[in-house]
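**Q** Generate the whole structure from the sequences, applying the supplied hints.
Same order as they appear, the protein sequences are chains V and U.
Last residue of the first sequence? That's 136 in our numbering, and every number before it is there in order.
Last residue of the second sequence? That's 136 in our numbering, and every number before it is there in order.
If you are wondering where the hints come from, they were derived from the structure by calculation, not from laboratory data.
Given the structure is predicted, the values throughout are model-derived calculations rather than measurements.
Every residue, glycine too, gets a C-beta built ideally from N, C-alpha and C.
Take these hints with a grain of salt, some might be off.
Claimed, not checked - Just the calculated beta-carbon pair ranges, DEER-fashion: (1) V70(U) - K35(V): 34 to 42 Å; (2) F56(U) - R102(V): 39 to 47 Å; (3) F107(U) - S87(V): 22 to 30 Å; (4) K66(U) - M49(V): 53 to 61 Å; (5) V70(U) - G99(V): 36 to 44 Å; (6) I29(V) - V55(U): 43 to 51 Å; (7) T17(V) - M75(U): 19 to 27 Å.
Claimed, not checked - Short, incomplete list of chain U residues facing chain V, as computed with Cβ under 8 Å: (8) P47; (9) D50; (10) W54; (11) V55; (12) G92; (13) V98; (14) I103; (15) I115; (16) G127.
Below, each chain spelled out in residue letters.
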Amino acid sequence: MILGVIEGVAETTAAILKLFSGIISDKLRKRKLLVLIGYSISSMIRTFTGLVSGAWQIVFVRMLDRVGKGIRSAPRDALIASSVDESIRGKAYGFHRSMDHAGAVVGPFLALFTLIILVLGFNMKDTLLVL
Amino acid sequence: MLKSTPQSPFQDPNFWVFHVKHSLNHSKAILVLTKDMENEFRSTEAYRGNPDKGKIPHNVIVLGIVSLFTDAASEMIYPAYPHIYRCAGIWYSDTGSD
Numbered sequence: 006m007i008l009g010v011i012e013g014v015a016e017t018t019a020a021i022l023k024l025f026s027g028i029i030s031d032k033l034r035k036r037k038l039l040v041l042i043g044y045s046i047s048s049m050i051r052t053f054t055g056l057v058s059g060a061w062q063i064v065f066v067r068m069l070d071r072v073g074k075g076i077r078s079a080p081r082d083a084l085i086a087s088s089v090d091e092s093i094r095g096k097a098y099g100f101h102r103s104m105d106h107a108g109a110v111v112g113p114f115l116a117l118f119t120l121i122i123l124v125l126g127f128n129m130k131d132t133l134l135v136l
Numbered sequence: 039m040l041k042s043t044p045q046s047p048f049q050d051p052n053f054w055v056f057h058v059k060h061s062l063n064h065s066k067a068i069l070v071l072t073k074d075m076e077n078e079f080r081s082t083e084a085y086r087g088n089p090d091k092g093k094i095p096h097n098v099i100v101l102g103i104v105s106l107f108t109d110a111a112s113e114m115i116y117p118a119y120p121h122i123y124r125c126a127g128i129w130y131s132d133t134g135s136d
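**A** This is how it looks when you write it as structure tokens:
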């Protein structure tokens with residue numbers, strides 16, 4: 006139940022913020038600034054994940070991580086749309102999404118290699134046990 | 039019998055009909071000219087031979103790279119969540135994925 010609350014709060018925050026950040030970026034006409042703020046919040050707050058010691062702290066970290074995602078998503082898409090010619094808009098979005106998904110593939114491998122190098126000291130037996 | 043004549047040309051309805059028609063024709067001519075100019079530009083070598091026309095701009099490439107690293111960082115933490123939740127006193131079952 007607590008896990009559901011944590012994820013629910015995080016995802017709801019992102020979904021609501023996406024709407025407002027889109028409207029704000031349209032009014033301010035400063036999409037790059039919002040994208041920068043969104044990525045910065047997510048990147049900085051993620052480092053605190055290793056320091057949490059209670060459920061409310063996890064809620065806070067996860068929520069702020071999703072706040073960053075909520076702030077950056079809509080202005081980023083608008084920025085891409087306004088940066089490219091109409092004829093190659095699909096290509097630009099396709100490139101961006103492919104890079105995003107490539108990150109999802111690279112991430113677990115990076116985590117694995119970090120684990121092997123830093124924690125297990127190249128010990129393949131322990132590595133296979135972890136896997 | 040005296041015929042009333044308008045005091046100024048602006049009071050004559052024919053004046054306005056003439057000028058509105060003239061303005062409309064003028065606007066149509068401008069539209070046609072603009073379209074012709076656009077077509078002419080699209081047929082030039084400068085437009086057709088532009089090597090950057092179909093390329094993804096630099097800022098979109100940079101955004102893609104930033105997204106790659108951000109998502110990689112996000113996915114790096116995911117395998118560690120069970121341990122983090124357990125340390126925080128929460129029983130981990132499944133966090134799902136975004």
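**Q** To test your reading of the hints: which numbers does this structure violate?
**A** Hints 2, 7, 8, 9, 10, 11 are the ones this structure does not satisfy, whereas the remaining hints hold.
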